[in-house]
Amino acid sequence: MTDHKQKQKRVRRLETGVYTIEPKSLRSRNNHLCQICSIISNCPIQRALKLTESHAEATIRTCARFVPSISFRTPYVGLEFPIFNTLRAGTTWQERLVKGKVIALTDSKTGEILRFGMVRSVVSGSIDKMLEIHAQFNHLAMGGKSIDEVKTVIQKSYGHFLKPDSKLTAIYIEKVSHSLIDEIDRKLGDPPEAIQSNVINLSWHHNQ
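Counting with the working numbering, you get residues 17 to 224 for the letters of the sequence shown.
Any given hint could turn out to be false.
[What the hints assert, rightly or not] Straight-line Cα separation of at most 30 Å, DSS-like style, residue types lysine-lysine; simulated pairs:
id, residue 1, residue 2
1, K21, K40
2, K117, K167
3, K161, K117
4, K145, K172
5, K125, K21
6, K66, K117
7, K115, K179
8, K145, K161
9, K179, K161
10, K183, K161
11, K145, K179
12, K115, K172
13, K40, K117
14, K40, K115
15, K23, K66
16, K191, K117
17, K183, K167
18, K183, K115
Hint data in this document are derived by calculation from the structure and do not stem from the laboratory.
Small disclaimer: the values here were computed from a predicted structure and weren't measured.
Using the sequences plus the hints, can you model the full thing?
So, in structure tokens, the structure goes:
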């Protein structure tokens, strides 16, 4: 049986009257990249998708514009500095980020965007070596905490994950200039009024 015929056999008509080729198990996952993108409220792609709502459900599987978020707990210490790092367990962030990538700094509980930043560098290594070299540039240390306090926070945050052979990743984040925000805004276009979102537009940060 050809691939085309196999796909034809998977077509289903749903109770709402629309057609789909995706199985119920896939549709029920409700995992859309746009749901966790930090610029969804200011995205022209979303404006285009909005036009299809009455007759089709469109989702984005891949996107070069995607802006990931890194969460921080209150009180926010040292996030106002021009450049600092945040230390995270594992190496996932090294695989996820590249130099120059714009990211959002968010509240760990509410998801509210605190501000945007740009990745300066991402470095991974053994726990002891990473703390020895990079703890002094951590946002907590920049904000007045001692190196020992930074180490204690890391241990408390990831204690049940960290093992002697575990890795730590230092993400160096620099402050995003207004000119860069303006450039991003121009590329994205005006946010469509019809889209309701709790994500703050980039232009909001001009007044912060």
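> What are the numbers of the hints that this structure violates, sorted from low to high?
Replying inline: 5, 13, 14
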